[in-house]
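Chemist: Chain by chain, the residues:
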Amino acid sequence: MERIPILQMGQFLLVTIQVDMHDRLALALQDDLTDRIVKTSASGVLIDISSLEIVDSFIGRVLGNIATVSQLLGTETVIVGMQPAIAITLVELGLSLSGVRTAANIDAGMRLLQISLGAPFHGGLDANP
Amino acid sequence: MPILETITILDSADIVRVRQKVRSQTVALGFGLVDQTKIVTAASEIARNTLDYGGGGSVTLEVLESAHRVGLRLTFTDQGAGIANIELALQNGYTTGSGLGLGLGGAKRLMHEFEITSEVGKGTCVTTVRWRQ
Chain F
1 MERIPILQMG QFLLVTIQVD MHDRLALALQ DDLTDRIVKT SASGVLIDIS
51 SLEIVDSFIG RVLGNIATVS QLLGTETVIV GMQPAIAITL VELGLSLSGV
101 RTAANIDAGM RLLQISLGAP FHGGLDANP
Chain W
1 MPILETITIL DSADIVRVRQ KVRSQTVALG FGLVDQTKIV TAASEIARNT
51 LDYGGGGSVT LEVLESAHRV GLRLTFTDQG AGIANIELAL QNGYTTGSGL
101 GLGLGGAKRL MHEFEITSEV GKGTCVTTVR WRQ
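Those sequence lines, one after another, are chains F and W. Position one of the first sequence corresponds to residue 1 (the numbering used here), numbered consecutively onward. Position one of the second sequence corresponds to residue 1 (the numbering used here), numbered consecutively onward.
Chain W with its partners taken away, still in its complex shape:
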């Protein structure tokens, strides 16, 4: 599948860059406005997690294409502390930081596919897809 680009996430200005790049790719792929907004919002939430809890990392944007559907896959990776309890991290209102704890769980609800793999001390990888309706 074609990789569109990889964006590094090292400070809060990079979160804005991620939003802008994801927005332009969703537009190019023909996603509707509500879908665009959902994907960009999810990307913003996960990118902030990558920055705040993963100590920075990157996101790769990929187009998924099959005979009958088109989607955008976002893969966020960091080499941070990792998440000890992923189920807990996905719960609404759970946070180890200063946020609302809506980030990961909220992002999951905004996307069609969502997967987290994490190893304590090694880092976290979040892969998520939204298909064009």
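The following block holds chain F by itself, in its conformation from the complex:
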């Protein structure tokens, strides 16, 4: 079965969703990510959804679940790169994703994680902070 890759960068895990996820793929990501958080003791997770064209209530629920589960495991999750049209649509749909931390892009998300963890990041993504 198709899987969404999870990359490790220092103490963070990075997921870039580049395909239109069907429901089982979204659920598989939730399971895989939970697994990797436990195995790597990652302190932060970044999920880049800038390539996602829509977030419906199912995908929204999975993103919310990932954030909640990771928090229970002691890991911060930040969703980055949501397209404005998706944000407008989610609000009208009635899904506020409260409890999910968001940032405009990967750089901003990385900084948010660093600040909330109070530790400098040495992964080398951001050469000119």
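One or more hints might be untrue.
In silico SDA-like pairs for lysine to any residue, Cα to Cα no more than 20 Å straight-line [stated by the list, open to error]: (1) W:K21 x F:S51; (2) W:K21 x F:D20; (3) W:K21 x F:L52; (4) W:K21 x F:R61; (5) W:K21 x F:V19; (6) W:K108 x F:R61; (7) W:K108 x F:E92; (8) W:K108 x F:Q18; (9) W:K108 x F:V19; (10) W:K21 x F:V91; (11) W:K21 x F:S96; (12) W:K122 x W:G71; (13) W:K122 x F:E92; (14) W:K108 x F:V91; (15) W:K21 x F:E53; (16) W:K108 x F:S51; (17) W:K108 x F:S96; (18) W:K122 x W:V63.
Quick caveat, the hints were computed from the structure, so don't treat them as lab data.
Since the structure of chain F is already known, use the hints to place chain W on it.
Modeler: Using the frame of chain F, we list chain W on its own:
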């Protein structure tokens, strides 16, 4: 009115296909990006209902054209259990399944016209339209 196509909805990969086909039709009809996103999201919600509660079915895409406006009509049909109380099914947070209960009510808010007819034991038909602004 010209029927563009009918797509069968039998598994969750078909929901993705519905999203893609609806997206390309909204692009072809000149809908703006926010409108495209709203229609595709609504289509995804209703298609999931058709699959999860209707046991599968199909959606037909049609272009509505009059002298002063253009719209896209989506008609979802299934031969499933039907909805006993449509008003309740449209309420936010109401679900008989495992979802959030935002699907139908949320889809209704994203579209301009929305109509459900359903007969218990026979199936459900959801017809919805969004007009180009």
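Chemist: Now, for every hint given, state plainly whether the structure supports it.
Modeler: Checked hints:
The straight-line distance between the Cα atoms of K21 of chain W and S51 of chain F is roughly 18 Å, inside the 20 Å bound, and the hint therefore holds. Restraint check for K21 of chain W and D20 of chain F: satisfied, since their Cα atoms lie roughly 13 Å apart, inside the 20 Å limit. Of the supplied pair hints, the one linking K21 of chain W and L52 of chain F holds, its CA atoms being roughly 16 Å apart against a limit of 20 Å. Pair hint K21 of chain W plus R61 of chain F does not hold up; C-alpha atoms about 24 Å apart against a cutoff of 20 Å.
Between K21 of chain W and V19 of chain F, the direct Cα distance comes to roughly 15 Å. Compliance with the 20 Å bound is thereby established for this hinted pair. Taking the CA atoms of K108 of chain W and R61 of chain F, the gap is about 19 Å. The hint holds against a cut of 20 Å. Annotation: proposed proximity of K108 of chain W to E92 of chain F holds, straight-line Cα distance about 10 Å (limit 20 Å). Distance restraint check for K108 of chain W and Q18 of chain F: the Cα-Cα separation of roughly 28 Å exceeds the 20 Å cut-off, and the hinted pair is therefore not satisfied.
For the suggested pair K108 of chain W and V19 of chain F, the alpha carbons sit about 26 Å apart, so the restraint of at most 20 Å is broken. Only pairs whose Cα atoms come within 20 Å are accepted, and K21 of chain W paired with V91 of chain F is rejected, the gap being roughly 24 Å. For the suggested pair K21 of chain W and S96 of chain F, the alpha carbons sit about 27 Å apart, so the restraint of at most 20 Å is broken. Our distance criterion of 20 Å between C-alpha atoms is broken by K122 of chain W and G71 of chain W, whose separation comes to about 29 Å.
This hinted pair does not check out: K122 of chain W and E92 of chain F have alpha carbons roughly 31 Å apart, beyond 20 Å. In summary, the hint linking K108 of chain W to V91 of chain F is supported, as the alpha carbons are separated by about 13 Å, within the 20 Å threshold. Simply put, K21 of chain W and E53 of chain F have alpha-carbon atoms about 13 Å apart, close enough for the 20 Å limit, and the pair holds. The suggested pairing of K108 of chain W with S51 of chain F is violated, with an alpha-carbon distance near 26 Å, which exceeds 20 Å.
A threshold of 20 Å between alpha carbons decides the hint, and for K108 of chain W with S96 of chain F the separation of about 17 Å falls inside it, so the pair holds. For the hint linking K122 of chain W to V63 of chain W, the alpha-carbon distance of about 27 Å lies beyond 20 Å, and the restraint is violated.
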